[in-house]
Amino acid sequence: MKVWTGGKQGKQRWRRRSNTTPRSLLVCERSSFCDENNRVSSQVEQLHFNYKVSVLLSDCSSAPSHLESLLTSFSHFYLVRNLPLHELLDKQFLETAVYQGNVYGLSYRTRLDEDNCVALMPNGHLVLSLDKDSFQVLGFEGKTSTFNYKTKNRYVVTVDLTDGSMAPGRQAYLRLLTGLTSRLPLQMDFLLSHHPGGGASLQALLSRYIWSEHKPEVGTCSLTHLPCPDLQSCDPHGLLEWLGAVDANISRDNSSSSFLSSLVCPEPKRTVSRALRISICGLLLPHDVQRLIQELRCYLGQCQPESWVSLTVHGFVDSPVSWGGKEHGVLRGGENFYTLFIFHDHTYHLHLAAGAQDTCPP
Amino acid sequence: MSSGWRWRDLPSGVKFCGRKFSRKKSGTAMVRVKARYLLCELNVSDRTQLLLLDDRAVLAAVKTAVARIHGDYGAALCSMRFSIKYLNAHTGIVFLRFLRRAYKLLWSALPFITSIDARGHKIPCFLNCLHVGGTIRTCQKFLVRYNTQQLHRMLPKCRNEEEKQEVRKAILNCSLTKGNNEEFHIESESEEDEEAQS
Amino acid sequence: MRRDEEKGEAAVFQRVVLKNASPYHYMKVCLVLEDESTKLSAVELKQFIITGLKTLYGEVGAALNFDLLKYDEDTFTAVLRVYSKWLVKLWSSLTLNGFYQNQACAFRVLQVSPFLLALSGNSRELQLD
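Chains as they are written, first to last, in UniProt numbering: chain F, 1 to 362; chain E, 1 to 198; chain D, 1 to 129.
Hints are supplied without guarantee of correctness; some may be wrong.
The list that follows gives simulated cross-link-like pairs (lysine to aspartate or glutamate, EDC-like), each with its CA atoms no further than 16 Å apart [stated by the list, open to error]: (1) K91(F) / D160(F); (2) K89(D) / D46(E); (3) K39(D) / E73(D); (4) K143(F) / D160(F); (5) K54(D) / D72(E); (6) K19(D) / D235(F); (7) K46(D) / E73(D); (8) K269(F) / D235(F); (9) K122(E) / D72(E); (10) K91(F) / D163(F); (11) K132(F) / D115(F); (12) K85(E) / D55(E); (13) K269(F) / E295(F); (14) K63(E) / E59(D); (15) K215(F) / E73(D).
What follows is a list of derived Cβ distance ranges for each label pair [to be verified]: (16) V17(D) / L331(F): 14 to 22 Å; (17) T95(D) / A29(E): 29 to 37 Å; (18) S42(F) / M30(E): 52 to 60 Å; (19) T144(F) / F13(D): 34 to 42 Å.
Partial list, computed: chain D residues near chain F (C-beta under 8 Å) [claimed, not checked]: (20) T38; (21) A62; (22) K70; (23) L117.
Keep in mind that the hints were calculated from the coordinates and are not lab data. Every value quoted in this text rests on a predicted model; they were computed, and no experiment measured them. Don't be surprised by glycine CBs; every beta carbon is placed ideally from N, CA and C.
Throw the hints in and build the complete structure from the sequences for me.
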């Protein structure tokens with residue numbers, strides 16, 4: 001029998017929670033790139049593991065050449081098959097890659113709500129999100145997951161590999177190493193990327209295992225006669241719904257009384273005669289997104305005053321961290337993404353969305 | 001208790017009747033299963049048909065209505081602790097007991113009852129909810145008050161002194177000889193008379 | 001110069017945090033049928049879901065509003081939109097839908113999100129082979 005210490009209110013809250021929808025968060029910001037206090041670049045920088053970037057250019061039928069070349073120059077990433085995790089603690093790997101910074105690593109095809117997940121962040125932090133059994137077998141210091149603090153069946157181990165106590169040969173280092181080699185020999189497919197050095201610094205590690213190099217996939221699609229709401233006045237959820245419908249190719253020419261769907265474009269609307277949708281998939285680095293934003297701003301400068309650009313960046317659902325190394329969980333969706341609308345006069349609207357198990361975006 | 005304490009360590013005069021024991025007696029969190037009682041009146045066009053009703057007929061009617069309006073989910077909720085606590089076939093007063101968690105949902109299906117099948121007859125009727133209470137006692141209190149109110153409303157309508165006397169006499173008679181429940185019966189019949197005359 | 005000033009006025013920093021404000025939830029579901037050669041149109045699918053709602057939640061459930069935004073007839077994959085308040089009801093009735101025209105079937109809920117955008121960027125769909 002469950003004992004309620006939270007009193008009557010707590011019980012009611014529990015009851016309400018048990019049959020209602022999970023929490024969601026949406027942060028909306030409006031500012032200008034001209035404002036020196038704008039935080040876009042830091043916000044972009046803080047979402048480390050990006051899965052998909054989709055760009056919508058209004059009044060544009062084919063991508064400008066410099067934009068296209070930028071898209072093809074996105075950093076490549078590597079998929080390593082069955083990588084034993086203790087390889088990440090390899091002395092040579094630490095020296096050539098991790099200490100230099102900007103190594104991005106993420107376990108591939110592991111589900112955060114059921115499997116063990118690992119992320120290697122560019123600042124040298126290694127984050128392991130483990131289930132209870134694995135955590136206890138590993139025998140290394142960790143915390144219970146913020147989102148499972150009652151059931152205590154998921155634990156997060158965060159290790160700063162650049163810290164002095166984790167230098168090869170030190171006690172903590174050895175404990176983690178023996179934990180990962182003998183007690184809990186975790187093996188998983190791993191996505192790796194290194195920003196400035198490319199593959200050179202990772203070669204030593206890659207050569208020992210089966211690996212493949214991947215290029216982010218670029219897809220373009222041109223749209224015509226796109227009904228478009230008024231971006232300045234539309235409410236954020238309606239706007240994101242509209243953008244999602246454009247992204248997923250959902251027809252919007254329903255009447256509000258049709259049987260199948262009553263999804264319509266929010267009023268007031270206008271029709272954009274042509275638009276271009278570009279999407280890139282893979283392990284994308286914040287640095288590349290940063291460059292893309294700069295490029296889009298340059299592109300807007302040459303456009304008509306009423307045109308705009310939207311950029312949506314989806315984070316990995318199964319990454320154990322979201323913005324700025326904060327813990328991330330999958331309750332039902334695990335979504336963490338942001339959408340940036342850039343206008344001709346350098347103002348922008350930024351919408352940051354997080355699912356049920358996420359802290360508030362920065 | 002754990003540190004080697006034994007019964008014989010107690011001074012001779014001490015009777016052990018601490019809280020711990022009394023708590024144990026009351027068991028581990030024995031909480032009353034809470035319910036909601038709905039006090040409804042059955043409105044029929046022909047009052048003689050009321051006498052055909054029995055609680056099984058009303059129960060079946062409520063269950064079918066709930067199953068139609070709220071589907072399997074509602075039917076399942078309706079099978080938990082649902083019962084007809086009291087049915088007065090003379091006055092058409094019904095007490096329904098619902099699970100407190102679900103009473104709002106089940107209540108919402110009551111207006112959809114348009115007829116009750118009883119003993120081969122289909123009685124067109126509707127349920128009018130008068131009161132919602134947590135215990136039968138409060139519902140009964142309310143019913144007594146409600147009936148008194150009705151009586152007070154109707155007495156002035158009597159056209160002559162004889163009628164009034166008749167009503168009073170009837171009430172006094174039944175309350176002395178037959179018991180409480182019949183009071184409603186007589187009263188509501190007089191109510192019917194009033195309606196018929198006016 | 002004047003333009004710059006105007007920009008300065010327009011560029012007031014504004015931040016709003018909306019919690020649980022999403023009016024809708026979006027579900028990506030996939031219907032798995034025993035006989036895979038069965039044809040099922042979008043209208044039939046919606047009718048099927050409504051029938052399921054009606055058996056579980058009765059006439060009140062059948063009156064529940066939801067939209068079938070997108071449907072792929074080859075893979076039986078659909079995107080549904082439902083008011084956040086009704087998500088639990090719709091989901092539970094999908095789960096309990098067991099038979100389509102006397103053949104066993106099941107709904108697989110692939111993704112649920114309060115944002116339609118999130119459905120087009122699901123990293124679990126990343127295929128690298």
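Which numbered hints turn out to be false for this structure? Hints 2, 9, 13, 15, 20 and 21 are the ones this structure does not satisfy, whereas the remaining hints hold.
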